[in-house]
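Please put together the full structure from these sequences, using the hints given.
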Amino acid sequence: MPNPTTSPSQQQSTDNIEEFPNWQDEVQAPDLSHIITEDDTPMDNIFSEKQQRLLVSSLYSSFSPGIPFLATANVGLFYGLNKPPLVPDILLSLEVEIPQDWSQKQNRSYFIWQLGKPPEVAIEIVSNKVGKELGSKLKDYAHAGVAYYVVFDPLQQILRENEKLRIYQLQGGQYVEFENHFLALIQLGLTLWDGTFEGQQQTWLRWCDREGEILRTGDERAEFERQRAEKLAQLLRERGINFDEEL
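By numbering that gives the first Met the number 0, the letter at position 67 of the sequence shown is numbered 66, and the numbering carries on one by one without gaps.
You may find that some hints are simply not true.
Mimicking DSS-like on lysine-lysine, the simulated pairs with C-alpha atoms at most 25 Å apart in a straight line are [claimed, not checked]:
1) Lys82 - Lys136
2) Lys163 - Lys49
3) Lys163 - Lys128
4) Lys163 - Lys136
5) Lys128 - Lys82
6) Lys82 - Lys163
7) Lys131 - Lys104
8) Lys104 - Lys128
9) Lys131 - Lys82
10) Lys116 - Lys104
11) Lys82 - Lys104
12) Lys82 - Lys49
13) Lys49 - Lys128
14) Lys163 - Lys138
15) Lys116 - Lys163
16) Lys49 - Lys136
17) Lys128 - Lys116
18) Lys116 - Lys49
Derived by calculation from the structure, the hints in this document are not laboratory data. All figures in this text were calculated on a predicted structure; none of them were measured in a lab.
Below, the structure is given as structure tokens:
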């Protein structure tokens with residue numbers, strides 16, 4: 000995906016990312032009348048629900064790529080006419096815009112042939128040992144053309160000992176483990192963060208920039224600005240300047 004702001008070194012780091020055809024040109028949109036896009040069946044645990052909101056909300060609060068993007072939780076990813084959809088816990092896709100008319104079925108889920116491209120990132124949060132995150136899903140997301148497939152295993156149920164985060168990168172139509180947690184194609188990284196979100200002290204999966212600085216939620220941004228203003232006011236008071244008195 001061309002990015003006019005990407006440096007030559009960044010561009011070189013993305014050369015091995017899979018390139019895909021224009022799906023809108025290649026595939027004629029099918030009849031969706033028989034396709035179920037919402038079945039109202041998802042049931043998740045409290046941690047997973049909070050983790051999903053943390054990842055999505057921080058993108059919309061702090062991610063400014065200069066192009067449209069879509070971040071969703073538990074939305075169907077339809078990648079084949081006769082294949083059941085994938086439902087990633089988190090999906091991130093750049094350079095896509097969702098039509099405003101949500102009364103139309105084709106506008107309420109992620110149909111690759113409708114939006115013209117696969118998403119760049121799919122994240123699965125492991126809740127148990129039967130989710131097939133390292134089995135069929137590994138093959139299905141590759142077949143769907145998702146550039147990065149991320150498995151977050153907070154309870155360490157399926158990954159190696161002392162491993163909570165694994166990232167795969169699509170190469171030659173198959174996934175290979177990706178040691179670098181900075182995803183050059185989207186200019187974002189993923190990191191494990193020990194902190195408090197909505198009153199819960201946990202190890203959370205967070206988006207970050209190249210330097211490892213996390214993307215803040217709206218509440219975190221507001222608190223950060225409040226603390227910064229307080230520090231500035233304290234510094235000025237130490238220098239004999241009191242804005243309250245001046246006003």
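Review point. Hint by hint, which ones does the structure fall short of?
Key: 6, 7, 8, 12, 15, 17, 18
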